[in-house]
Amino acid sequence: MCLAIPARIEELTTPGNAIVNLGGVRKEISLALVDDATVGDYVIVHVGYALQKLDEEEALRTLAMFAEMGQIDELRRELDAQ
Amino acid sequence: MKYVDEFRDGELAKNIAANIAREADPKRHYRLMEFCGGHTHAISRYGLADLLPAHVRMIHGPGCPVCVLPIGRVDQAIRLAREQGVILCTYADTVRVPASDNLSLMRAKASGADVRMIYSTQDALKVARDNPGREVVFLAIGFETTTPPTAVAIQQAAAEGLKNFSILCDHVLTPAAMHAILAVEGGVALDGFVGPAHVSTVIGSKPYEPFADDYGKPVVIAGFEPLDVMQAILMLVRQVNDGRAAVENEFTRAVTREGNLKAQQLVADVFELRDVFEWRGLGSVPHSALKLRPQYAAFDAELKFKVDYVAVPDNKACECAAILRGQKRPQECKIFGTVCTPENPVGSCMVSSEGACAAHYSYGRFRESAT
Amino acid sequence: MSTIKPNYARPLDIKNGRVDMSHGSGGRAMAQLIGELFASAFDNEYLAQGNDGALLPPANGRLVMATDSHVVSPLFFAGGDIGCLSVHGTINDVAVMGAKPLYLSASFILEEGYPLADLKRIVESMAKAARDAGVPIVTGDTKVVEQGKGDGVFITTTGVGVVRDGVNLSGDLAQPGDKILLSGTIGDHGMAILSQREGLTFSAPIVSDTAALHGLVAAMLDSGVKLRVLRDPTRGGLATTLNEIAKQSAVGMMLQESAIAVNQPVEAACEFLGLDPLYVANEGKLIAICAPQDAARLLEAMRAHPLASAAAIIGEVREDAHGFVQMTTKLGGRRVVDWLAGEQLPRIC
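Chains as they are written, first to last, in our numbering: chain P, 2 to 83; chain U, 10 to 380; chain E, 404 to 752.
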């Protein structure tokens, strides 16, 4: 739950803080809850804190999953039924 | 916006919808609960119900911390602000929640109480630092997503020796709430759960495994965007068809089995379980909420100030308890849309824009009066 | 020999001076404030009459009058300030009645202690806005309230204009089948304001869209299209304005989300805060409703004007006993675009 958005770390500021960028909007947030986050990483931001780093490879994999057609499963089912 | 827009693509949505329509067995009904208020909001806001076949229905769960916050807890905050002159800091979500005596935090503010809306617990700490002569109390609500930010603030306050900062701790736990929904006599007619997105980034997918194992209900953790929700629904349909009950993760880009261990450790360092906590709509649920550990007692507003929790029962006509469990729909409540509206919310489901009733009222009620 | 110079008055200390109670007392100090600050900036033949009211020439047609109070905070924001905002706002209220704005009045409630330098900036911004729009500020008033009883500056402007013959615009004239047009992007003004409020800081390139729309309205009327409804979606945003019209006309509406343009930083700022751009204020946009056969021509006329180059047809009016404003979402589903419930507040969940 909870409103959180993925934003790109643009700049590390005071220890533990960073400026993130989402669609041109920049905001300073806290990195207190994540380790090893650096400039260029995408993080999930909730109430001014980064909660987790976004795994970009997994993001692409998920997008590819959305594009999958369902025929493969259907074919399999038809084959099983025979 | 990268990693946001792509997950809202209309063409891909149609593709997933086609898959769901193809794979959902027309001879049975699928009753799926999305636990999290953010998902309720996504479903309503994008009209996802229109993309699902009629026999796949989404039931709105209680995963909105504002909706399940008992009136008595809001009363505590209001009393502190009005009677003890504290600066009451809160997330904006709570300011309109109706409390006792026709008050809300917003109305208390209008009558002179110092109520301030903040975006982050860091802002609350700043208010405390900037106002050394005043007591600052933060109304700490939220599920496991929102708890770590409070933990960070408490540890920072302790390290700085901030004497004028404390919290009203109303943090609640997701798995306990899911148990409360499922542990109903006679069982509950739900085929599966769409698991919370951001709670899961913190707690991981592990805590949901008992639901699959013990209750035989599949759980698919879904990301926050409409395509995530659609895909998760598809994955649930597949599990139901196959007679499986497992925890699957659609939100792999942000959720792992273990979750964010650093955040979990921080929370464990600062908080401990309350024996029991009252949830609006669900009644008293054991081990479902947190309080500060003894070493942080100086930051516990309930100990620092004389402000006991007094339970306030809901309106007798309110059907939230049944609606939160998916046993009734908003439109089946006698006072839905008449006495109880977003402007004048009577029960928890109408209080926040993601409560089942508010979402239905704001986004979906046209379906009833279809033209 | 006398060393008192006749008619000498020390000029206002704009640089370091502040508004004080004497500026509202009706005496010499107030006259000086008005003369040196307001009258010199707004300077026109009517104001120069120097009387309690402005004597204006006879109007050539049906009169429209509109008034607006401005309490915006912060007073200065990206893309404007309370001064030009107050001029644009009332010009727009007159313009969407189908009237040519002719004159404005401006009332100021000033808080004791407000810096004269900032007041001068506001007044000059108003003067420029009025000059650029060709609508003079012909009369006004000034009051001063004690420190703590005002938010720096409150401004109320009233405008009068004349409606062209044959033009009849009203919120109750929308008919099923009519097309709904929007002149540009939504949410810019509200998010520009929000991004400067204490507690919610961004460094985002969001600029208020505050603008005088009477030139655009004139171009739309000139196109020959018979307009039915014109309105500017200010507080409460596009959603509120459309709901108002739907109620007045006893109709429903169906919008296309993909046709409603939102600038990316505005969208991103809304995402951060959990706000919906449909409910965020605009100060330089308008909605037009016309018969379906006229929509293409009206769109062309709008797009030819610099303030509406991104104009689009965003939906249509339909029969609906319940008066719902509905929207087809980008994903192809449907939702209701309801009235705003209370003030739109940022959310965490």
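If you are wondering where the hints come from, they were derived from the structure by calculation, not from laboratory data.
From the three backbone atoms N, C-alpha and C, an ideal C-beta is built for every residue, glycine too.
Accuracy of the hints is not assured; some may be wrong.
If the Cβ cut is set under 10 angstroms, some of the chain P residues that face chain U in the computed set are [as the list claims (entries may be wrong)]:
| hint | residue |
| --- | --- |
| 1 | P16 |
| 2 | K28 |
| 3 | A33 |
| 4 | D36 |
| 5 | Y50 |
| 6 | D56 |
Below are the EDC-like pairs computed for lysine to aspartate or glutamate, each with C-alpha atoms no more than 20 angstroms apart in a straight line [said to hold, decoys possible]:
| hint | chain 1 | residue 1 | chain 2 | residue 2 |
| --- | --- | --- | --- | --- |
| 7 | U | K11 | E | D679 |
| 8 | U | K271 | P | E69 |
| 9 | E | K552 | U | D323 |
Hints not upheld, ascending by number:
1, 8 and 9
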